[in-house]
Each structure stands twice: as structure tokens, then as C-alpha cells.
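> Could you build all of it, start to finish, from the sequences and the hints given here?
Chain order of the listed sequences is H and Y.
For the first sequence, our numbering begins at 1 and goes up steadily by one.
For the second sequence, our numbering begins at 1001 and goes up steadily by one.
If you're looking for bench data, these hints aren't it; they were derived computationally from the structure.
Even for Gly, the Cβ is constructed at its ideal location relative to N, Cα and C.
Worth double-checking, as some hints may not be accurate.
[What the hints assert, rightly or not] Computed spacing ranges between beta-carbons, pair by pair: (1) H:214 / Y:1109: 57 to 67 Å; (2) Y:1096 / H:169: 39 to 49 Å; (3) H:146 / Y:1200: 40 to 50 Å; (4) H:209 / Y:1158: 33 to 43 Å.
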Amino acid sequence: MQELFMGVDVGSVSTNIVVIDNNTNVISSQYMRTNGQPLETVKKGLKQLEKEFSENAKIRGVGITGSGRQMIGVMIGADVIKNEITAHATATVHFVPDVRTIFEIGGQDSKIIVVEDQMVVDFAMNTVCAAGTGSFLDHQAERLGIPIDQFGGKALSADRDVRIAGRCTVFAESDMIAKQQFGFSKAEIIKGLCEALVRNYINNLGRGKKLEPPYVFQGGVAANEGIKAAFEKEINYEVVIPEHFSIMGAIGSAILAREEILATGTNTKFRGFVAANLEFAPKTFECDDCPNHCEVIEVHVNNQVVARWGDRCGKWTNSVKQIDL
Amino acid sequence: MKVTFPYMGTTVVYKKLLEMLGHDVILPPKPTRTTINLGVKYSPEFACFPLKVIMGSYFEAIQKGAEVIVTSGGNGPCRAGFYERVHQRILESEGYDVDFIVFDSMFRDPKTFFRNIKKLRDRTPWIQVMKSLLLIYDMIGKLDNLEKKVQCIRAYEKNRGETSRIWEKIQYDFDQAFSFASMKKAFKLGKEKLNSVPIHHIEEEEQIRIGIVGEIYVVMEDSINMKMEQVLNSLGAEVERSQYLSQWVTYNMLPKWMNWTHENAVLKKGEPYIPILIGGHAKQSVGQIVDYGQRKFDGVVHLMPFGCLPELVSQSIIPKISEDYNIPVLTISLDEQTGIANNQTRIEAFVDLVRGKRKQRLNGKTKLSRNKREHCCSSS
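Structure, rendered in C-alpha cells:
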């Protein structure tokens, strides 16, 4: 029987589900738009996976990451629930063992991860604004009327350079309109935007860090050749884009799940593909016991509370007993 | 007098002292969303976060009937020195008439300090004042001692939340004790309770320690720093803060020529990086990181109020210290806009990083690749 490990990355823009084997070969992978419905998206992905799943294979462990990791982790029964930074770095180190710097740009957040001897030694994540992320590009592509998947290619065809203010999405837009009026072509504007994004990214996240090669660029935005070119121009060095650049978080969490299961020798908590059919109802209520008025999120399965979080004092979180379904 | 004070850390201490001086103490509620909203509403937008939260606390205390506010002043070129004036003006403009008693360093202005004490003493006999001060000093020492234990035990507790519950109970016991003998009893009882908390056994080489440094208010008051100590503890790391009340008091009470406190040593350690006093706790934060580095802590979390100038200065120096002492530092800035999810990810990743580093050190890999850093370490 083939032993497989599943990794799930529930992000703000995309949700990815991958299955890897003992040698980290990607057996199956799905890249889906989350569309603000993480639960439904994961359920759909699980059903799809079940259809193509071979009979003599077995899921031995599940890892989960991304902003929706906690809730989805409860739903599918994850063995490992990890933050995105560790998950991404784990995958990158596997595919590019000598990596020193990881650029990761996703839908709503971006990170720089500094690696030494295959170990994360420093990282930075965008805090206050999303001007350097995929959503920014998405928005501008829409405004220019160019599909996002052609965006990067277009940038490469530009003849001239144009500098666009990239600190803030709104100002970038007004600057862009001004530059259009000056007669720059769409391709040149796009190239300028890519460069603005990269400049903003490096200035914000790379501040005070020594960024050394090899550089790896991953996350959904790595599909954009324009950004890759802008990176190479900015740091004046080749940037590697790994084969599975868009699903690295999911692969990383699958690897972490495998390590955990092999190290502890335990059985997986995975509920099986039936998890897709379980009636999962997240509910929110406001706790009135103190003036904090925390929004407590609780997850019901078959009218039983399986998890609670969101309370500052921990009263609700700690009140749930682990139950098997 | 109906007195109140800013809410920070183990408040039983201030409450008790004022009670023993014969005052009616209005304990402000622990800062909550409401406190912060109140403070933000009435404070200047660009004022630092502690000013806003304390402003909110004052409003809440005044609504509960407080007439006099006792607080400490600031030191050096930092906005904290103007807190009391700003607070008073805002309260005045909102139509509240309250008195402020501000304690500054007694060495800078002994006259005012003494006058304040006299004001606060009211009709309590001097001998009683001295006794109360000594008792409180004894109490904060004992409480800090127990809290340091809490910060270690909580990392390994078997039943989540148990240690924190016991710690609440201990503080209550101390609140009920009014003599040296009963303090001693409460201390002994507290120790026993903490020792009986069921904990996971973790090999010593796998125990990790993280220090918390930064501006005193965001470091000491857990309701506005996302309960940083508990979050780190729940991820399995032992925690130590840069500030404890007893140390702070000792440091501020002793004259310079006989000040052999830890605080003073820490300030010295910061001097190579920030030679002069730039206000707030910048110099102390920097020195404390050096101290943690020398004591082989695994990492440091640096907390700062958003827009705090002294801490911004220390933040920009941190990468250098981090390299010199080979200790990872995570800076988190806090204010009313702080999102928890984002920071939770950061903290989790930071603890992973720290653990990874520890594992690497255990495997002895460091020797191969880090000649430069080892050199830096040996210079300490």
C-alpha cells in the first residue's frame, strides 16, 4: 500500500491541496480560488481528490497552513497546524537545498525568509498594507483591462522605463493615470508597476537584512514574468522559481506532517474523505462577560461543539474537550 | 481621598500601598476594548499607545468615583514626561476636575517628591508610612519571585490555563495579607501551589527561553500586548521580562553611587550601542538584549508602541546586536489597530525559528559554518 501525505494551504486568495509520497513527489495538486469561502473550497477539493484517489493508497498524515489553518484544521483533522512562514521555508529548502533568501508573494501578504544551513534565521512579513502583494496587481490588471495571466508577459515587451510611485495602491493608481496621459504605453506602465511593487517589497521587508543568493521566488505572484524580471533588475542576480511555486505552502505542510508522523509513530487524526460530507457550521457569538466583548468563533459538527477560539481570556478555548467524531 | 492610578501589571501592589495609607482606592478596570476606545477617542491621534490606554483607564476610574490620580513621571527626552500634563488637560476640557500627584525621581527633585509623599500620607503616622513601604517592598519582591516561576512553569503545564488561574489566586491571597507574617504564608502557599502544577517533562537541552524587552507599559500590561507571555508560554517557551516592578523600584530608589542593581548593569551593557539617554526605555531595551544574548537566551521579542521614537531608535540598532550576539529578535509594534492573526503567525514562526536554531546548535553544526559569529560571541 502506498503511503501518502496531504498538505493544505488555506490562503486568502487561493486554497491549495497537495498529496505527496515518501520521497516528496507531488502525486496530486489542486490550486483553487478561495472566493471568501474556505470551508466550501476545501470540501470541493477533498471531493475532487477522493475521485482520483487510488484504491491502494492511504493518507497517513495531514498538515495544514494558511490564514484559515485553525478552522480547516479542525474540520479535516490535521496532524500538524503550522504557520505559513515555516511551511513555505520547509518546502523551499527541500527543492532548493542551498537557498539563502526566499521571496514569497501571495494574495494578501508577502514575506521575506532568510535561510542559513537549511534553517530559517530571519523573516519579515508585511504589516500595515497590501501594496506589495498579488491583490494590488490583480486590481491594476483589472483597471488596465488586461487578464492577470498575460500581465507579466506584457511587461517584458516594454521598450522604455517609467517610474511609478508604489508605496500605496491608491497613489500608484493616480500616478499610473498621470503616466498614461504622458503617453507611455500599457506595456511600459505594467513594467513600471512590477518594478514599483518589487521596490516597495524590498524596501519594506528587506530593510536591515542581508539578502544573499541563491534567491527563490514563490507564491502565486511568481507566475508573473514581469515581477521576476523586476526582481532580477533590482537585486542584479538570478532569481530561481521552483517548479511548484504556487503550492509551496501546501507541500511544506505535507512534509511537516510526514516528519511529525514518522517521528512520533502515531496514527493520523485525518477524518478521511467523509470530512467533506460533515455538516460544519462555524458560528460567532459575542461574549458579554467582560467589556472586551470578544468575538468567539465556535465550530459545530453534528450539533456538537468541536472547537472554539477568539477569546482573549482563554475561557472558551479551554472549555472544549477533544472529542472523536 | 478617593485615589486611582494607571493599570499596569500586578496592580494589587499599588492598591495595597494606597489602602495602607488610609485611602479609598478606586481600582481601574483591567484595560479592555472599551478602555482603548475611550482613550483613543479623547487622545491626540499621533500620541503613543500607552498614553491612549492610560487615558481610557482614567476615564473609567473617574466614572467609578476617583478624585485623585497617582502616577509616575517620565525621564529624559520622551513624550512620557508630558503624559500627566496632557492627561490633565484632556480631563479638564471634558469637564472633570481631578488632582494629579506625580512622582518623579526623588533625586532629581527631592522637594516635590517629599511634598507628594506628605500629600499622600494625609494623617497616617510616619512610622506607619515607613512600615507600609517596607511591607509593600517585601511584597513586590515575593510576587515577582513567584511570577518568574509562573513564566517558566506555564510553558510546560499539562492542563492549559491552570497556571494562570493559580497565579490569579496567588495575587488575591497577597491582596488579603496585611502583615509580614501573612505575606510569608501567602508566599509559601503560592510556591507550593505552583510546584504542584502537573507539567510535561522536557529535557533540559530542549527547553527554550525567550526574553521580552521594550517600553515598560506594553511589556508589563498583558491586556494590551496580546498576552505575549502567555502566547509564548503556550508555544512551549519559557519567558522572562525586561521589567519587573521590584527591580524597577530598587533601581529608582537607590542613589547612583550605590546602585548595583541589575537595571544599572543592563544600562551599561547598552552603552556601546546607545551611549546617551534618549528617553523611554530604548537604552534599557538594547542593554537587555545584550544581557539576554550573554545569558544564552534563545530569542528576544521586542515590543514597542506604534510610533514610539526611543524604541524606533532601538529597533534600528537591533540587527547589529542580533548579529553580534547571535540571538534572533522579533520586533512587534502595538497599537489600537493591531491585528492578532498576523502577529500570531509571526510569533509562531519565530518560535519555530528559535527551536530550529537550538536543534542546530545541539547537532554541533554551528561549528562548521559560523566562524565569524562565534568570534562575536566570544567577545562577550
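> Could you tell me which of the hints above the structure violates, numbers in ascending order?
The structure conflicts with hint 3 only, although it agrees with all the remaining ones.
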